[in-house]
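2 protein chains.
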Amino acid sequence: MKIKVAGTGLTKFGELWDKTLFDLAIEAAMESIKDSRYTVNDIEAVFVGNMIYGRLSGQNHLGAAIASILKIKGAGFRIEGACASGGLAVHLAIQSLLAGTYKNVLVVGVEKMTDASISEVTSALMGAGSESERKAGLTFPALYALMAKAHMIKFGTTRKHLASVSVKNHFHGSLNPKAQFPYEITEEKALNSPLISSPLTLFDTSPITDGAAACVLTSSNSGPGVFITGSAVATDTVDLSARLSLTEIAATKAAAQKALKQAGVEITDIKVAEVHDCFTIAEIMAMEDLGFCKKGEGGKYIHSGATNLRGKMPVNTSGGLKACGHPVGATGVKQIVEITEQLRKRSGKRQVDGANVGLTQNVGGTGATVVVHILQN
Amino acid sequence: MKIKVAGTGLTKFGELWDKTLFDLAIEAAMESIKDSRYTVNDIEAVFVGNMIYGRLSGQNHLGAAIASILKIKGAGFRIEGACASGGLAVHLAIQSLLAGTYKNVLVVGVEKMTDASISEVTSALMGAGSESERKAGLTFPALYALMAKAHMIKFGTTRKHLASVSVKNHFHGSLNPKAQFPYEITEEKALNSPLISSPLTLFDTSPITDGAAACVLTSSNSGPGVFITGSAVATDTVDLSARLSLTEIAATKAAAQKALKQAGVEITDIKVAEVHDCFTIAEIMAMEDLGFCKKGEGGKYIHSGATNLRGKMPVNTSGGLKACGHPVGATGVKQIVEITEQLRKRSGKRQVDGANVGLTQNVGGTGATVVVHILQN
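For the record, the sequence lines run as chains A and B. Using this note's numbering, read the first sequence as starting at 1 and increasing by one per residue. Using this note's numbering, read the second sequence as starting at 1 and increasing by one per residue.
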């Protein structure tokens, strides 16, 4: 498969009190259309990735709503799969292009989270988990803490390993003007930050964020842009306790294998990746499950500096969910935007030299949904 | 295009206090897989149409959740576009098949509405409308009442015309064991029922319903089943007041033209149709906007008996949303199930003689999203 990312758009990520969800969606959308060689009139469908706006604000029907504001008469869809909503929206947009039904489509990932109370948002986010997890009083920090603890016990992963993910991603974020937290942190600061859910501290967790990301996808091969050459989705049980292992996300393996096969590349061909570091342990497991390192060695691998901007395999150059921010429905699209920018050599201070093949990994819940995309020049 | 509906499944529609959303989804899904020549292992992806379960119960992530319960390891998606969620799920499932990414997929439309209070459900349903409509205190009965009133003033449509939709659909529902209200009503009963929002009375409105519908779609041409030969989506403003006309749904016209063109048939070729009669006025406008009769004549057309089971153009043989029920996310899929059954001559007492080309029209909100499908033997 070969689908072109013809344009990208991204709002500032952060606590954007002065903007509505629609302001953000339209800003990213118009920027992506302007960046492409197309006009609004060329766009035949809009795929919106959004998880919880209906719950927080009462507004569903975002596909038609955003299409209508943009004056796109074609189709509008809202795709939801928890924090993988954005990646799923990209995947389904690609299907409509491969089908030949549409030629140029817009994908918008958007979330407006800071207008609601923290308890409302926490409760809404638990919609990504299972009923038994909600009844047990589990939250996502607690679920990932269970995975982190198991990983520590099984593989000797340490809190310093976890902290190294955060330190790296904050360094990357310090180079990204769109990042929610564009500043560096020290290992000491990460290790001494307040405990959220043992062993995870504040700096092991991604924040509550407002933001939008957009891309114009086309089945046309001409014009500037980069190609999506692999797009795969895999699922697993929503309930973490129903899995065979707490220390791997099987759906990441399945989706990655499929996407790499589609693209005809090996994991060793990847030069830059954006992965789903909702918690530091998630990035450690992603390294292992994607095959960048062996199972159990993700902590050491990241701690070694291999995934730093100037390392051999830069990961989360945007700052990741940790430092760039995590507007849940937007994240999967933001990953596509970041890798596209890297492959187009438009990443400024955080440009990865020789980036010509990139990967994104977007996770819903604790791994019930995983979407992997491969991008190439 | 030519995508086969290889199997269908449908639960009883109604107030199903003893069943959860998952019970309903799995019952319909397993029935549709059993009805097809495939097994669960052949299904590569699940497309779930659902509007408000996240809001009412806290559970999002239904794509993965339903895939996981069915032990489908492939992809899971939840598609939302208000009351058109089911139709949109069918449309996107078709795209994935046309793309060649998947060969056999499952579409499940499901909604569990009766476990929440009426005020919670009414509020959640207004997620299909606009913020200004919500702020104005408008509800869907009120919005459709505005359209009905405008239609009466402009075209002389009468309450008897409206009532004839309800009387017909209840007659059809009386022949459908799955219907929520499987009994006939008289014109007198409809006309004298309690006022909901003038001029619409209780029998002009569709009910709150639990239920699920499912179909197995395949890109294979072999085996039993019928073909979907047209699938189109159009959008309009979410806000009714932003439209040029209160008496037509422009997106119905646009989607129908596109779907008919894809299928290579004319509206006069259609032998049976399921349309979105969330309110009686909606079915009247659907007749006009789809082109079954001239604009303004929908009321007379239905009142004449033309759309009765034994009329020249039977519409809503399932009983429609009015009598069969309206579990919002399920409705668009149920329409596909009903037309498939008609084309396969499995509709028993409500079988339409010579049904070989059918149409479905699924509406989100007051017409911000419309999905039209054409099915053929």
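Derived by calculation from the structure, the hints in this document are not laboratory data. The structure presented is a predicted model; accordingly, all values stated were derived computationally and were not measured. Where is the CB? At the ideal position from N, CA and C, for every residue including glycine. Among the clues, some could well be false.
To spell it out: a stretch of chain B is covered by chain A in this simulated footprint if at least three of its residues, at any positions, have a beta carbon under 8 Å from a beta carbon of chain A; those stretches are [claimed, not checked]:
no. : stretch
1   : 29-42
2   : 64-73
3   : 348-359
4   : 365-375
For each hint, the structure was consulted:
1. 29-42: violated (count 0)
2. 64-73: It holds: at least three residues are needed, and the stretch 64-73 of chain B offers 6 whose Cβ sits within less than 8 Å of chain A.
3. 348-359: Our answer is that it is violated, as 0 residues pass the Cβ test (under 8 Å) against chain A, missing three.
4. 365-375: Satisfied; 3 residues make the cut.
Consistency with the previously given hints fails for numbers 1 and 3, ordered from lowest to highest.
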